[in-house]
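Residue numbers (the working numbering), protein chains in the order written: chain C, 1 to 428; chain A, 1001 to 1318.
Quick caveat, the hints were computed from the structure, so don't treat them as lab data. In this text, all values refer to a predicted model and were calculated from it rather than measured experimentally. Do not rely on the hints blindly, as some may be mistaken.
Unchecked claim - Looking from chain A toward chain C, a few residues come up when the C-beta cut is under 8 Å (computed): (1) LEU1018; (2) THR1044; (3) SER1109; (4) GLY1111; (5) ALA1196.
Said to hold, decoys possible - Residues of chain A placed beyond 10 Å of chain C at every Cβ, according to the derived structure: (6) GLU1025; (7) ALA1027; (8) ILE1029; (9) GLU1061; (10) ARG1222; (11) MET1250; (12) ALA1252; (13) GLY1268.
Don't be surprised by glycine CBs; every beta carbon is placed ideally from N, CA and C.
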Amino acid sequence: MNDGNWTIRGARILGGDVRDLHVSDGVFAAEAPAGARVVEADGLIALPGLVDLHTHLREPGREDAETVATGSRAAAAGGYTAVHAMANTDPVADTAGVVEQVWRLGREAGYCDVQPVGAVTVGIAGERLAELGAMADSAARVRVFSDDGHCVSDAALMRRALEYVKAFGGVVAQHAQEPRLTEGAQMNEGEVSSVLGLRGWPAVAEEAIIARDVLLAAHTGSRLHVCHLSTAGSVELVRWAKSKGFPVTAEVTPHHLLLTDDLVRGYDPVYKVNPPLRTQADVEAVRQGLADGTIDVVATDHAPHPVEAKDCEWAVAAMGMLGLETALSVVQHTMVDTGLLDWSGVADRMSVRAAQIGSLDGHGRPLEPGEPANLVLLDPAASRVIEPGALHSRSRNTPFAGLKLPGAVHATFLRGTATVLDGKVIDR
Amino acid sequence: MKRHLLSTADLSADDATLILDTAAELARIADRPIKKLPTLRGRTVVNLFFEDSTRTRISFETAAKRLSADVINFSAKGSSVSKGESLKDTALTLEAMGADAVVVRHWASGGAYRLAHAGWIRSAVVNAGDGTHEHPTQALLDAYTLRSRLGSLEGRRVGIVGDVLHSRVARSNVHLLATLGAEVTLVAPPTLMPFAVDTWPCSYSYELDPVLPKLDAVMMLRVQRERMDQAFFPTEREYSRRYGLHAKRMAALPEHAVVMHPGPMNRGLEISAEVADSTRSTITEQVTNGVSVRMAVLYLLLGGSEPAIGTENEEGAK
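Next up, chain C with everything else stripped away, as it sits in the complex (with noise of 0.2 Å):
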């Protein structure tokens, strides 16, 4: 039996016609091959493998919370065929050594694609500019550069990592916090916030930043992505930018366009996340931006953290949230079911701009003869109840514990080898 001979049977290719999808030697093929597997697909949906522009897979460093095994695997269940694991890891990932390592432990572990982004800054401290070039002529060809978890806030490097990454067709990606307007910051700034007396975190210390970031990139003339933008004003700016044309692209997390700062109500760090969750308008505008094209890409920003790093006060415990298994039903729930984006919508934002904006060969392609074979089946009439101990990332901080959500991955291919079947991960 060959391994990667499939014939998909009566699939919905991007939620709309049925047909059946036939993988050969990898690669989509006119014809069943001989001695295929057959999969029957009647019900589900095909979509290109899901592209993640921004995972956080802690290794080096952070193995207790997360590694490149285990978050591809991770990644995998969720849909995904390709991530791109940013660079806050310690070491940093500032240079060819780091992620070499990191595309290399992707390779080891099989799941899908890991492509390293390389630390705009030596060290994310935000100084002076990392050996870009040599990232990008490493074998693991990094094309997506960001200092995630700290904003490039000195416009004047900001100038510079634009201009410079234009020699290789990189990308700056920005996490946009005006530094000091959000000191010691622990939630969104707003009604919520003052009553709990946690230190807020105003949407125009991401929409400054933003508003400066547009209008460089157009003077520079070179690529700008926006990490999880999470405000209306935000998706407002964004939509100006590209109005005038301006090489902007932007993203927005699941839990953005799910949960709202209400919750922080609890005090339960595991809604503890930067950005913070926002207002209920602010979700109904990204919702708006991601429909309308605004917002090109869900990006999960998976960020996987020990049960200790939340298990304690609000203020001491670690930002972030786990997004993996979670972002297609999330997707789902809040944009298919409610009419806003169909599947070949979803196709859209989650594979092929990612895949467009990362550089990614072969992903996010069409579902057609001779494309690689990277394809995730889903069921959208399946619903399960979000249970933290049943993922497959090691760290166990999901927002959606308890939630019902619609849709289940019934099976991943990459590049025609199922890492994904029946809804279970295949050990490699």
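With chain C's structure known, arrange chain A on it following the hints.
Frame of chain C, contents of chain A only:
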């Protein structure tokens, strides 16, 4: 009443009135030669302080001891807490030792809520101040003081002046005074007024002088000197000139109005010495009332349904 006292927002008017009435009853024993009741004999109250506050701690300690509880003081200084032991592990330790109530002061907003609800301990939790969130027993003793000076709180006008943004006392007072029917006006420079204060059950003003003549009570908040370095106001002198309560301003208050301060005071900054020491000042009275109110809270959380104080006759019969 609920099992914990974490926020005055959780108290109904009936709950709050029960606490104040109970405190009034318990206050009577302060006049007795032996200021002690057997009510909480055999129960253990832990004062868990992650932040220094001698005043609040000894007030709770006195309250618990007057009810015959065993008191353990657990201070972050010189304990394992300062060596990096987490709130959770401290809580598990207290649980293992069998604390019936934990009185917790924490530098983090939500510290008390977390202790009560994270599933670490089963004991009753009393919030003795958490970060810039709440300080419910302070608000209760303020309400008690106001009630004893002004009669009912219904329709009374109370001004709260100063660093409202960082004040747990202000937050607890706003909820409680609104619940008890008083009209609260917050007065602060815009930099020290909380975001979205217009959603709070009170009114607010950036100026003190127009507010004073309408008040039945004015509560001055402590202003931390480091706020000046964080550019919340330009200088202490300017703050004092615009928002400080001095003798001339005090004269603008109605005849019957009282002056309150939760302590510790910055004499000469938010309140002048002359005002602090005047007959209108309830500052030392507030301290006395603090013990009665905290006795009432501990009694109601731990004591159950029996009357707080038996009659003299019943006690004689035992």
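### Message
The output says ARG1222 of chain A does not contact chain C. Does that hold with a beta carbon cutoff of 10 Å?
### Response
Since the minimum Cβ distance to chain C is about 16 Å, ARG1222 of chain A lies beyond 10 Å and the statement holds.
Are GLY1111 of chain A and chain C close enough, Cβ to Cβ, to be under 8 Å, as the hint says?
Result: holds, 5 Å to nearest chain C Cβ.
#### Entry: Non-interface label on GLY1268 of chain A, tested against every C-beta of chain C at 10 Å
The assertion about GLY1268 of chain A holds, with a minimum of 27 Å to chain C.
Say whether it holds or is violated: MET1250 of chain A keeps its Cβ farther than 10 Å from all Cβ of chain C. holds (30 Å)
query: Since GLU1025 of chain A was said not to touch the interface, does its Cβ keep a gap of more than 10 Å from each Cβ of chain C?
result: The assertion about GLU1025 of chain A holds, with a minimum of 32 Å to chain C.
Should the label of ILE1029 of chain A as a non-interface residue stand, given a Cβ cut-off of 10 Å to chain C?
holds (35 Å)
The hint names THR1044 of chain A as touching chain C; please verify it with the least Cβ-Cβ distance against 8 Å. Violated: closest Cβ of chain C sits about 23 Å from THR1044 of chain A, beyond 8 Å.
Interface exclusion of ALA1027 of chain A relative to chain C, criterion Cβ beyond 10 Å
holds (30 Å)
Requested in this report: Against chain C, does ALA1252 of chain A hold up as non-interface, every C-beta pair farther apart than 10 Å?
Outcome: holds (29 Å)
*asked:* Confirm or reject: GLU1061 of chain A is not an interface residue toward chain C, with every Cβ-Cβ distance exceeding 10 Å.
replied: Per Cβ check, GLU1061 of chain A is outside 10 Å of chain C; nearest 24 Å; holds.
* If you take the shortest Cβ to Cβ gap from LEU1018 of chain A to chain C, is it below 8 Å? -> violated (24 Å)
Notebook entry, point to check: Can SER1109 of chain A be said to touch chain C, with a Cβ gap under 8 Å?
Noted result: OK, holds: SER1109 of chain A within 8 Å of chain C, min 4 Å.
Violated hints for the displayed structure, listed by number in ascending order: 1 and 2.
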